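**Q** The opening position of the sequence shown corresponds to residue 3 in our numbering, with each subsequent residue numbered one higher.
Keep in mind that a hint or two might mislead.
Stated by the list, open to error - Here are the simulated DSS-like pairs of lysine-lysine, each with C-alpha atoms no more than 27 Å apart in a straight line: (1) K94 with K198; (2) K67 with K198; (3) K94 with K67; (4) K67 with K178; (5) K178 with K198; (6) K211 with K94.
No lab work stands behind these hints, which were simulated from the structure alone. In this text, all values refer to a predicted model and were calculated from it rather than measured experimentally.
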Amino acid sequence: MARSTPSSRGDASSSGDKRASGKSGASKTSKGWLKEHFDDRFVQQSWQDGYRSRASYKLLALDEKDRLFRPGMAVIDLGAAPGGWSQVAAEKVGPEGVVIASDILEMDGLAGVDFIQGDFTEESVLEAILDTLGDRPVDLVMSDMAPNMSGMAAIDQPQAMYLVELALDLARQTLKPQGRFLAKVFQGEGFDAYLKELRNSFDRVVTRKPEASRARSREVYLLAEGFRG
């Protein structure tokens, strides 16, 4: 299934960010964004801590509040590149756990993470995910996916909602009863309908805005608990 070119993590750190340009004629806007990015305390902290993305600190904050992880869990990370969330998940579930990361983009290998490159809506990729799981039930499906933003809400919002619909569809196929689903969602058209859809499939849904999520961003994180199967 064709998908609107997703940028897996909207805040990938340093050189991996597609908005960076090596051209000398870079616009003032892009130069300003780069300065803000490199001055960001979470970006700087990620360099010190060895995380691939400032997004790691969003997941760490969510875990601190909601205790997402425990040793031995099976976790699926959708739109995983460059790997900031997968790093955190692998640390938390430990050697007895399983972390399966998937993205249409390439991702360098990570200890404790099985990476499957491809579009997870395609049967071959889904089968690869299921084969890697074996008989293990999935405790948590998480998605930090976002489309490449154009700055036009009429284009960006439908694409963003499409991605989280795909993530929810996979969660419904793989989660064990009472499993959890975590997804980045952008507030706007389709948000309320999506929230209602989650509540139809899960016992409890909460909205989170971790500190590392920029205040001006419309992104929030929806945590759905108690999958009804």
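**Q** Would you mind marking each hint as holding or not holding in the structure?
**A** Do the hints match the structure? See the list:
{"no.": "1", "hint": "K94 with K198", "result": "violated, 30 Å"}
{"no.": "2", "hint": "K67 with K198", "result": "holds, 23 Å"}
{"no.": "3", "hint": "K94 with K67", "result": "holds, 14 Å"}
{"no.": "4", "hint": "K67 with K178", "result": "holds, 22 Å"}
{"no.": "5", "hint": "K178 with K198", "result": "holds, 21 Å"}
{"no.": "6", "hint": "K211 with K94", "result": "holds, 21 Å"}
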